[in-house]
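**Student:** One-letter residues, chain by chain:
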Amino acid sequence: MAVAPNFTVLLLIGILFALIVLAFLCWRFGRADTLAFVVVTGGFTTVMDLISSFVARNYEYPGKSPLWVATFIFFGWIGVCGGCLLLAEGILARPGRDMLTQPRLWWQVPLLTAGVAVALDLFADPVAVRAGYWVWLVPATVYHGIPLLNYVGWFVLMFLAPLAWILIARNRRWSLWRKAMIAVAALPPLCVASVLLSLALNGTIRAFGWQ
Amino acid sequence: MQSRVHGWVQVKSGASQSEDHVRRRETRLGRWFPAAAYLANYLLWVATGIHARAFDFPWLSILPLPALILYLVRSLRNGRSA
Chain L
28 MAVAPNFTVL
38 LLIGILFALI
48 VLAFLCWRFG
58 RADTLAFVVV
68 TGGFTTVMDL
78 ISSFVARNYE
88 YPGKSPLWVA
98 TFIFFGWIGV
108 CGGCLLLAEG
118 ILARPGRDML
128 TQPRLWWQVP
138 LLTAGVAVAL
148 DLFADPVAVR
158 AGYWVWLVPA
168 TVYHGIPLLN
178 YVGWFVLMFL
188 APLAWILIAR
198 NRRWSLWRKA
208 MIAVAALPPL
218 CVASVLLSLA
228 LNGTIRAFGW
238 Q
Chain P
155 MQSRVHGWVQ
165 VKSGASQSED
175 HVRRRETRLG
185 RWFPAAAYLA
195 NYLLWVATGI
205 HARAFDFPWL
215 SILPLPALIL
225 YLVRSLRNGR
235 SA
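Protein chains in written order, with my numbering: chain L, 28 to 238; chain P, 155 to 236.
What the hints contain is simulated information worked out from the structure, not anything from laboratory work.
The beta-carbon is built from N, C-alpha and C at its ideal position, and this holds for glycine as well.
One or more hints might be untrue.
What the hints assert, rightly or not - Among chain L residues calculated to face chain P with C-beta under 8 Å, some are: (1) L49; (2) D125; (3) W134; (4) L138; (5) P153.
As the list claims (entries may be wrong) - Covered stretches of chain L, going by a simulated chain P footprint (3 or more residues, C-beta under 8 Å): (6) 51-64; (7) 177-186.
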C-alpha cells in the first residue's frame with residue numbers, strides 16, 4: 028500500500044536546501060550576485076511554472092494552494108538550479124578559472140546545467156508522480172506518464188536562468204542595487220524567450236508524434 | 155605576501171579582490187560543495203521513492219549519476235595537478 032505524500036516535509040526540505048545553496052553562493056560570489064541569482068532563478072522560474080500549473084493547467088499539486096505552490100517552486104528551483112549550475116561549472120571550468128572568467132563558459136555552463144537538470148528530473152519526476160506529489164493533466168505517451176513538455180520546460184528554464192545570471196554576474200563592478208534592478212528588468216525578456224523556445228521545441232517534438 | 159583562505163594558500167599581491175570567487179572555487183569547500191549539494195538532492199529523491207514505495211523503475215535512478223561522476227573525476231584530476 029502506498030504511503031501518503033508528506034507535503035510539509037517536501038516544502039521544508041526544499042526551503043532548507045535552497046537556503047544552503049544561497050549561503051554557498053553568497054560566500055563565493057557575494058551578496059549582489061546572490062540577490063541577482065534569487066531574482067533570475069527564483070523569480071523567473073516561479074512565474075513560468077505558475078503559468079504552467081494554473082494558467083496552462085499542465086499539472087497540479089493535489090489540494091495545495093497557489094501560495095504553497097509558489098513557495099515550493101520558488102525555493103525548489105533555486106536549489107536545483109544552484110546545484111546543477113555549480114556541478115556544470117566544475118565539469119567545464121579549468122583550474123584557476125570559473126564560469127565568470129573563462130571565455131565561452133557564459134553559454135556552455137548554462138547548456139550543461141540544463142542537461143544535468145533534465146537528467147536529474149528524468150529520475151525525480153516519475154518518483155514524485157508515483158509518490159503523489161504532483162499530477163500531470165496533459166497526455167503523456169513516451170516516458171513513464173510524464174509529458175515531454177515537462178523536460179522541455181526544465182531544459183529551457185535551466186538554460187535561460189543561469190545564462191542571465193552569468194551575464195549579470197560577469198560585471199564585477201556593478202553595485203548590488205544595479206545588479207538587482209537589471210535582474211528584475213531581465214524577467215520580461217526571459218519569460219518571452221522561454222515561451223518562444225518552449226513553443227519551438229514542443230512543436231518539433233509534436234511533429235514526431237510524441238508527447 | 156601570502157595568507158591562508160579556507161585552508162589554501164593564496165598569493166595576495168598578484169590577485170585582485172574581484173577574483174575571490176575563482177580562489178574560493180579551489181578551496182576544499184568550493185570543490186566539494188557542488189558534489190555534496192547535487193548528491194543530497196539526488197539522495198532525497200531516492201529516499202522519497204523508497205518511503206513512498208514508488209520505485210517501479212529502479213534503473214531510472216542511475217540517470218543523474220554520470221554528471222556527478224564526471225564532476226568528481228574532473229575535480230580529483232584538477233586537484234592533483236594544482
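**Student:** Does each hint hold? Answer for all of them.
**Tutor:** A quick look at each hint next to the structure:
{"no.": "1", "hint": "L49", "in the structure": "11 Å, violated"}
{"no.": "2", "hint": "D125", "in the structure": "5 Å, holds"}
{"no.": "3", "hint": "W134", "in the structure": "18 Å, violated"}
{"no.": "4", "hint": "L138", "in the structure": "13 Å, violated"}
{"no.": "5", "hint": "P153", "in the structure": "6 Å, holds"}
{"no.": "6", "hint": "51-64", "in the structure": "holds (count 5)"}
{"no.": "7", "hint": "177-186", "in the structure": "violated (count 0)"}
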